[in-house]
Each structure stands twice: as C-alpha cells, then as structure tokens.
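Novice: Line by line, the protein sequences give chains X, Y and U.
Take the first sequence: its position 336, counting from 1, is numbered 336 in this note's numbering, and each next residue is one higher.
Take the second sequence: its position 273, counting from 1, is numbered 675 in this note's numbering, and each next residue is one higher.
Take the third sequence: its position 87, counting from 1, is numbered 782 in this note's numbering, and each next residue is one higher.
There are no misleading hints in this set.
Keeping only pairs whose Cα atoms sit at most 25 Å apart, straight-line, the calculated PhoX-like set for lysine-lysine is:
hint : chain 1 : residue 1 : chain 2 : residue 2
1    : X       : Lys-57    : U       : Lys-785
2    : X       : Lys-114   : U       : Lys-852
3    : Y       : Lys-586   : U       : Lys-701
4    : X       : Lys-57    : U       : Lys-852
5    : U       : Lys-701   : Y       : Lys-612
6    : X       : Lys-152   : X       : Lys-217
7    : Y       : Lys-657   : U       : Lys-919
8    : U       : Lys-852   : X       : Lys-143
9    : Y       : Lys-503   : U       : Lys-701
10   : Y       : Lys-510   : U       : Lys-701
11   : Y       : Lys-657   : Y       : Lys-474
For each label pair, taking beta carbons as the anchor points, the in silico distance ranges come out as:
hint : chain 1 : residue 1 : chain 2 : residue 2 : range
12   : X       : His-172   : U       : Ala-845   : 16 to 22 Å
13   : Y       : Leu-418   : X       : Glu-70    : 35 to 41 Å
14   : Y       : Arg-683   : X       : Lys-193   : 49 to 55 Å
15   : U       : Ala-845   : X       : Val-42    : 45 to 51 Å
16   : Y       : Asp-588   : U       : Phe-709   : 25 to 31 Å
17   : U       : Leu-942   : Y       : Arg-607   : 36 to 42 Å
18   : U       : Phe-709   : X       : Arg-141   : 55 to 61 Å
19   : X       : Ser-78    : Y       : Val-443   : 52 to 58 Å
20   : X       : Lys-143   : Y       : Leu-421   : 23 to 29 Å
21   : Y       : Thr-608   : X       : Ile-358   : 48 to 54 Å
22   : U       : Ile-795   : Y       : Leu-421   : 18 to 24 Å
23   : Y       : Arg-683   : X       : Ile-358   : 55 to 61 Å
24   : Y       : Val-443   : U       : Leu-942   : 41 to 47 Å
Quick caveat, the hints were computed from the structure, so don't treat them as lab data.
Think of the CB as a built atom: it goes at the ideal place given N, C-alpha and C, for glycine as much as any other residue.
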Amino acid sequence: MVIFIALFLHFDMKQKYTNAKRIWYTLAYKKYRRVKRMNDDVILRLDKIEKSFGTNKVLNGIDLTIKRGEFITLLGPSGCGKTTTLRIIAGLETPDGGRVLLEGKDVTDEEPNKRNVNTVFQSYALFPHMTVEGNIGYSLRLKRVDKAVIRKAVDEALELVQLSGFGKRMPHELSGGQRQRVAIARAIVNHPKVLLLDEPLGALDLQLRHQMQIELKRLQTRLGITFVYITHDQEEALNMSDRIAVMRDGTFEQVGTPTEVYDRPKTSYVANFVGSANILTGIVGSTAGGLVEFSNPCGAMLAKADGGNYAPGREITVAVRREYIDLVPEDAAEGGAGKGLAAVVREKRFAGGVLQIIAMLADGSEVVASRHGIDSPLRTGDKVTVTWAPENAVIVDSEGAE
Amino acid sequence: MSGSTRVSRKKKGAGLSLLSVMPLYVFTLLFVLGPLVYLVVLSFLEREEVWGVVNRFTIKNYLSIFEPIYLKTFYESVKLALVSTSLVAIIGYPFGYFMAKLNAVWRKRMMMLLMVPFWISSLIRLYGWIIIFRANGTLDWILMGIGITDAPLKLLYTYPAVAVGMVYALLPFMIFSVYSSAEKLDWSLVEAARDLGATRWQAFRTISLKLTLPGLLSGVVLTFIPSMGLFFIADILGGNKVVLVGNIIQEQLMKAHNWPFAAALSVVLMILTSLMIRMYRLITRVKDLEGLV
Amino acid sequence: MKNRTKLPNVYLAFILVLMYIPILLVILYSFNESKISSVWGGFSLKWYEELFRDKALLEAMVNSIVLATVSSLSAAVIGTLGAVGMARAKLRSNGIIEYISTLPIMMPEIILGIIFLLFFSLIGLPFGMTTLIIAHTSFCIPYVFILVKARLAGMDKSLVEAARDLGASEMRAFLDVTFPLILPAIASGILLSFAMSLDDVVISVFVTGVNTNTLPIKIYTQLKTGVTPKINALCTLMFVITLILGLLSVRLSKVQNKPVKSEKEESL
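Pulled out of the complex, with its shape left as it was, chain X reads as follows (with noise of 0.2 Å):
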C-alpha cells in the first residue's frame, strides 16, 4: 500500500516537475521573444508596393522595413511617389501590387479608420466647424471613449505640444505654426503605431521651420512612435531622422542613416541630392593600397577604395562633395601627391552661406568648391589643379560590382 503511494507521489510529482519546466521555458522564451522584438522590431513593412494612376508609374516595387520607434524619412523631389507611398501606408490608397505589414499583420486593404495609423496632412486639414479640442478629441470621440478621458487625453496633447490653454480657439483663429501643431495633437492623441507626416513644416517660415524641427524629434524621443516622415528638404532630413530613404521615380535610391547617406552615397544621385557633390567620371589605372586610381583625359584622380572589385580599366564613378575640394593655385611648390584636375578659375559666388568657386576643366565640366569665408586670394582666371583628400572620395554607381 506504502509502496503504491509511493510510486504515486514520485510520478505525480514528476508530472508536476514536467508542467513546471514547461511553464518555465515557455515563460522564458517568451521574455526572449520579447527583448529581441524590442531590439529589432519591424513594426511596418512594405513589400513590393506597386501603385499607377493612369499611365503614370508612380511606385515600382518597393521595399522597406521600418523598425519600431525610429524616426524614417522619406526623401525626394516633387512627384517622386513619397506621398503616394505615405498614403498606402495610411490607407488613403491602395497599391496595385505588393502588401503592407504593420507589425505583421497584413492591412493593404484594410480602410484607413481601421488602422492604428495617422497622418499629419501637408496642409494640416483641421476640421474648420471644430475648436481645438473638437479636433484633437474627435478621433476618442469616435470610439466613445469616456468624456472626462477626452479632457483629460486632450489636455495631455495640448500641453504636449505647447499649446495648453488654446482649447476653446477655432482653427481660423490660430496662425500656421499653431495650426500644425494642432494638427500633431491631433494625430498623436491616440498613440497610434505609426505617425505619418506630410512634409508638415512647408508652410512655415525658416526660423519656425527650425524651431519645429526641434520640437518634432523631441516629441518623437518622448513617445516614442515610429515616425514616418515626409520632405524635399535634404537638410530637414538630415537633422532630424534615424534613416533616411531617398526616393527617386518611385524607387529608393539608397535607404541608411545620415551618416551613410552623406558620407558614403550609392549613387551620383544620392550624392548630388543630400549635400551638393561633384561627380567625376574616370577609367581605373590602378589599385593599391585601399586607394583607386584613376583617370581622365583631364587629369589623374584618387579615390577611397569600397572594397569593390576595381579591376584596371573600368570606368568608375567618383563623388567628392563641394567642401572636399581643393583648389591649388598651379604656381604653389606643391609637388609630391599632386594627383589632381588641371582647371581654370571661373566665377565666385556667395551663396547658401558659403562661398563657391567654379573651376573649368578642361573639357568644358566644371568642380564646385565650398569654403567658409566671404572672399578667397584666387582670382577669375587663375590656374588651378583640383584634388581632394583620397578618403572623401566615394565611388557611387557600382551596382553589380560587388
């Protein structure tokens, strides 16, 4: 009888002990499952997103992962398809083709008041008929939320954007500044998963424009939604963003941080766009030690190798941005290193803060060099070889070289 107990016990406690090991490594695997979502948590992805009107291309087959709580910026000129890719996400459109995942799920034809998704519009769109806090309750109130968590979320926003106490003003009353960010307590009171926002600072003059930047990545860090946002403006891109994705005719060009979008562009475009580039065309000569060789008929050049396969006899493409360029006066006892572009003088012109001088080369292109100052000792006319440090010489253009 003892024994029967006995072997009872054993089993049942080893029954026990199974269920707890296994109540013990799922828990465990769930806490994995959820750090590593954390670190690298894709909360939206478009796959292949193709969209037309008419006969008019205007997306063709993008891709893009958006981590959770960065801050993405969608960078291109007019009619590049940004806003058309912003209002897929939205949900203002649908795509011809491909998907779109929020956080996994797959909501390409879902309408875009059932998605955890807002959009702050370019023109800011503040219902006319509503106060302030008509506006930015109006979402809570569509889900019947409790009125005094309305007052209390609204007043929340308010202050979150800087604009407590404006509640009861109507949107005509306010000036631009205040109505965009109006329109940002509007889109953020419901903290949704993604923020989209439609090149939201246009209007605004650029010390507001400025002062806005500022105020957009602070309410970014602190809430920490994922932000998609929307400019033509490489230099608002550049300050404010975690990514940047430069978009071109409706594909991405390049998609990487700042730092690598400026420092080390894929293409002459990319460089061209972010910052101002020269871009020189040349046949490599020779590679040896990390540095590229290569030439033109107007002078030999050097360039930092990418690790790509530069085989002699190759045409290369090479960007060097305005602010890298050297411009040496033929006459200084330089000597030595002097791998350079022979070049004349052309014009000088204060612009953008900077001053620029134009150099001819020989075959009629010209190089744009940047310095601080308002004047330089070179003179209109003057000869002059153009060289640059080798390492902020980036080669651009080599898909399918690697």
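Using the hints provided, position chains Y and U relative to the given structure of chain X.
Specialist: What follows is chains Y and U alone, placed relative to chain X:
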C-alpha cells in the same frame, strides 16, 4: 496579390453614392425628362374634334405655325425680345461698368440694393408700374403737374408700357453679367493705354469695351431667353393689345383646347431658347450656371 | 481710374431710383386712406385690416407658404443627395442628369408650366397642391444643386481624409465633416427656393387646381380684373418677408466664406 477585398472596398463606397443620387435621377427622369418628351410627342399628334388627342402622327401642327397670324406673333415676340434686350443692354451696360469701378464697400451695397428688387415678387414690381402708367396715375400726375401735358396719357395697355415692364424685369440680369465681367478687368491695362497716349474714350473703346464684351454678350443672351417667356408682363401691362407667343400658347391650351398645337408652339419656342443657351455657352464657355444663381 | 466727373455716380443713382420707385409707390399707397391711388386720403391701416379679414386671401397665403416650404425642403433633400452622390460616384450619366435637372431654370417659365400641365393630365394626376408641389420642386432643385455642388467642389478634400485617418467610417466622415460644411449652401438654397416659389405665378397658373389658389395667382387675377389697395397691403407684406429671407441668405453666404478651407499661412 490583388485581393478580392480590394475590389469590394471600392464597391462598398459606390453603393452608398448610388443610393444618394437615386432621388435626383428618378425625379429628373420622371418629372423633367418625361414631360419634355411627352411635349415633343404630343406636338406630332392630331387633335380630336372637341377634346383630347388622337394617336395619329402628323406634322400639321408645325405647319400651322407658318400661317401668317402665328408667324406674325412669333415675329412680334422676337421683336419685343430684341427691343427689350437692346434697351436693357444700353441701360444696363453702363450701370454694370460704373458699378465695377466703385470701391469695395459701395460695390457690396450696390449688390444688395440690386438684389432686393430682384427678390421681390415680380408681380409687385409690375403693379407698381400699373400705378405709374394708368390714366391719372403717377406719371400723369407728374407730367400734368409740371405742365408738359394737360391730358392723361393713356400709356397703360400700350406697347411702350410693356417694353418698360420687360426692361425693368430683365435689367438685373444684364447688370450682374456686365458687372462680373467688368469687376475682373485689370484697370492697370487702362492706365497703360492712357500712359501710351490714349484719350479716355479711346482707352475705353479699345481696352475696356473689348474686355468686357463677353459680359455684355452673355448678358444679352441671359436677357433674351427669359424675355421670350415673360408673357404675363405683356398680359398685364399690354392687355389684349400686345399678343405674344406665350399668350397664344396659353390661349390654345386653355381656351381652344388644341393641345398638340400648343405643344408644337412650345417646342418651337424651346428650340429658339436652346439656341440662345447654346450661344451663351459658346460665349462664356461656362459649363454650369453658377453665375446666374 | 479716378472719376473726375460725377457722371457715373449720378447715373447709378438715377437708375436705382427708377428701380425702386414702383415698389415704393406700392408700399406707399398701401397706407393710403383713399381707394383711388391718385388721391391721397391720409395715412391709414384700414387696407391691412381688410386684408386680414379676407378669408380667401389668407387661405391663398397659407397655401403659398406651405407650398414654398414643402417644395424648398424637398428640393433641398433631393438636390443635396444628388450633388453629394455625384461628387463621389463619377458616373458618366451624371453630366446628362445634371443638365436635365437644371433645365427648369433655364427654360421660359411658360414652357415649364405647359409641360407639367400636359404631363399631369396624361398621367391623370388631380390638379391641386400635389401638382403644385411637384412643379415647384422641379425648379427649386437646380438652386440647391448648383449651390451645394459649388460648395463641395471648393471644399478641402483632405478634411474627409483626415476624418477617415482618425477613425471615422465613410458615413461618419460625411456627417461630421462634409455635412456641416455644406450646410450653409443648403440653407442658402432653401431660402432662395423659398423666395422663388413664393414669387412664381406662371407655372402655378398652369398646374393649379380649381380650388387651390396661391398668393401670386390671386394677385395676378386681381391685377387683371380690378385692384383694391388691399393688394398693396399684401404686396407690402410680401415685400417685407422676401426682403428678410434675402438678407438671411446673404448673411449665410458670408458665413460660408470664413471657414472654407484649412489654408496654410505664414508664421506667427
């Protein structure tokens, strides 16, 4: 992956809109298109002896129009319309033009002052003219008082009275039309002309007049169309002396009970009117009537 | 261009005076004691008293008001639904229907009157209030339709998108955003229709029944047969009513212009 749900999303929205336009569609087809179609059909039918209509196709009704008495009436109607329109143009164009040159405050006031008589029932306005025109009415009172005439002018029930009545009723259309055209005029063009040596009149003739011409022309068309139909002005101010197409139609319909003929007359009137409308559209290249309302 | 002469203003004033004289005379003589308008008998309100004792006239007045109200409201519903529906569902037949539905205000009224008379006879509809309402609605719809359509076209489309983005269904977005913004246009349309309906004589004459009289019809017949200053009193009253309605309509269209679009502005 083009989901079937994608298509259904568009369809759902369309369903609601379809429902929304239904009342308008039904009403328009039933109560506007229907009657119009019936009118045309009726005009081709024969008239029964005493009452009613026989289902026999005929163009007799249209041929009857060519009888001298009816042709004359059409002619009279058109003539009256032309006279009224010309008068309205002469009086209204300067008004609209001058109005456009007023400053903003006065322009608004002018608009209000013009709109008020426009809204007031046309009958009231007509009645006012009766008071003025009838024997020993106001006009006589003034004229006899000053001494220009010493017997009452029997102006009521005459052609001029009708003309005045028509002009009075139609003037606002012309004024609005000219005004909206003149308001958009770029006065700096006139200044440039004067700067280049044109006199006031020359500048007006070559610049202002040419540029406000569309307003004038559309006003002409806008005036002409209603003038064909305002038979009750002729009825009241002209009595039996002035007979227009409208009067005939009414007569044929009510008294003679010759419906097909009345229908034919109406169709002809409508054709004339739509020709006018076509001209209006051509002149202004406007697809809807927002300006009118 | 600077006005060196007073000619323009004189001209404007002159014509304006001419335009108002008939109306003012009518109003003036409504207070005239004497029956004959060329003789001023002294200020009196007796015609107004007589007016209110005239049962037939009062009945006609009630008819007119009822008719105008029902017609303008029906037109508002049909016209608004139509304009809104057409803005969203771009069918090819929209253009034609729009054209046909606005014909009633483009045609000479007499034609409208005739086609209704003939049509109603054809389908055997008894003449009276019903036919009057149908006829009046038909020429009221264009006013509402055109005004609402214009307002819709001028509205910022991103407002509806914003509402949807914030969680509103299609219907909710319409009710919360679109409808409040087109309301002034609808109201304007109703007021304008009301005034037009009250004023209509031609069409009413054709489609009315033997026992139904509207105010304009009564006035018209009296003008043709014989006039008593009672009519003056009546006209004056109508004048006041229409004036108020018109002013309201204008006031409304001014309200419209303020919060039209969510416009962008420069900074503070």
